[in-house]
Amino acid sequence: MGSVGTSVGSGVDRTVDWVVFDYGGVICRPPSPAAGRRLADAAGVEPAEFWSAFWHHRADYDLGAVDAAAYWRNVFVRLGRPGAEVEVERLVALDLSAWLDLDAGTLEVVDMLAARGARLALLSNAPAEMARLIDGEGWSAAFRHRLYSADLRMAKPDAQIYHRMCAILGTRPDQVVFIDDRLENVDAAEGVGMRALLFQDAAKLWSDLSFLLPASLARPR
Numbered sequence: 143m144g145s146v147g148t149s150v151g152s153g154v155d156r157t158v159d160w161v162v163f164d165y166g167g168v169i170c171r172p173p174s175p176a177a178g179r180r181l182a183d184a185a186g187v188e189p190a191e192f193w194s195a196f197w198h199h200r201a202d203y204d205l206g207a208v209d210a211a212a213y214w215r216n217v218f219v220r221l222g223r224p225g226a227e228v229e230v231e232r233l234v235a236l237d238l239s240a241w242l243d244l245d246a247g248t249l250e251v252v253d254m255l256a257a258r259g260a261r262l263a264l265l266s267n268a269p270a271e272m273a274r275l276i277d278g279e280g281w282s283a284a285f286r287h288r289l290y291s292a293d294l295r296m297a298k299p300d301a302q303i304y305h306r307m308c309a310i311l312g313t314r315p316d317q318v319v320f321i322d323d324r325l326e327n328v329d330a331a332e333g334v335g336m337r338a339l340l341f342q343d344a345a346k347l348w349s350d351l352s353f354l355l356p357a358s359l360a361r362p363r
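Heads up, the final residue of the sequence shown is numbered 363 in this note's numbering, and it's a clean run with no missing numbers.
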């Protein structure tokens with residue numbers, strides 16, 4: 143399917159070439175308290191203490207600058223447990239499972255767009271293990287391109303990753319609608335010329351998309 147025309151704002155015709163989704167917090171829900179508890183228990187600490195250490199070194203892991211073993215060793219050092227045994231495989235498995243609570247409403251939006259012929263892509267800050275897990279999920283086939291920070295060695299909200307994504311998709315920023323749950327990522331996407339939506343829930347997303355997409359994509363068939 144080629145680009146499709148739509149009128150936005152001032153009534154000037156523009157095109158929507160791709161609709162790009164984030165993964166964490168959009169396709170899947172954030173880790174539940176139960177998932178957080180399982181991770182914290184595996185690290186031997188309380189959840190409130192765990193999450194601070196989890197996120198402190200996450201950027202390097204998401205970028206592929208460190209592997210899983212180095213990342214989890216860094217987490218344990220941050221937790222004040224440098225001599226503790228780090229069960230890397232178990233921690234990786236628990237980490238992955240924490241991000242598999244899929245949002246059925248978002249996937250319904252994805253399915254509706256795909257059924258109408260929209261070109262869909264995924265752009266996620268994710269380590270290699272998460273990227274390969276997503277690639278193996280049946281629902282991910284709806285996305286013609288799935289792009290991850292660990293593979294690209296760049297991450298949101300760095301403007302470079304948005305430009306790199308557009309180069310891979312063969313489009314311009316102004317032809318992309320980008321969806322993310324983090325305001326800094328939405329602002330960065332807008333900063334390079336994309337139309338960006340801050341994800342709140344699936345119903346609001348579909349409502350927002352209906353104002354941006356051509357009628358052929360937004361209306362039921």
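Just to be clear, a hint being listed does not mean it is correct.
[Said to hold, decoys possible] Pairwise CB distance ranges, derived in the manner of DEER restraints:
#1 Glu231 x Glu326: 27 to 37 Å
#2 Arg223 x Ala201: 13 to 23 Å
#3 Phe353 x Gly222: 43 to 53 Å
These are calculated hints, taken from the structure and not from any lab test. Built from N, CA and C at the ideal position, the CB exists for glycine as well.
Do the hints match the structure? See the list:
| no. | hint | verdict |
| --- | --- | --- |
| 1 | Glu231 x Glu326: 27 to 37 Å | holds (32 Å) |
| 2 | Arg223 x Ala201: 13 to 23 Å | holds (21 Å) |
| 3 | Phe353 x Gly222: 43 to 53 Å | holds (50 Å) |
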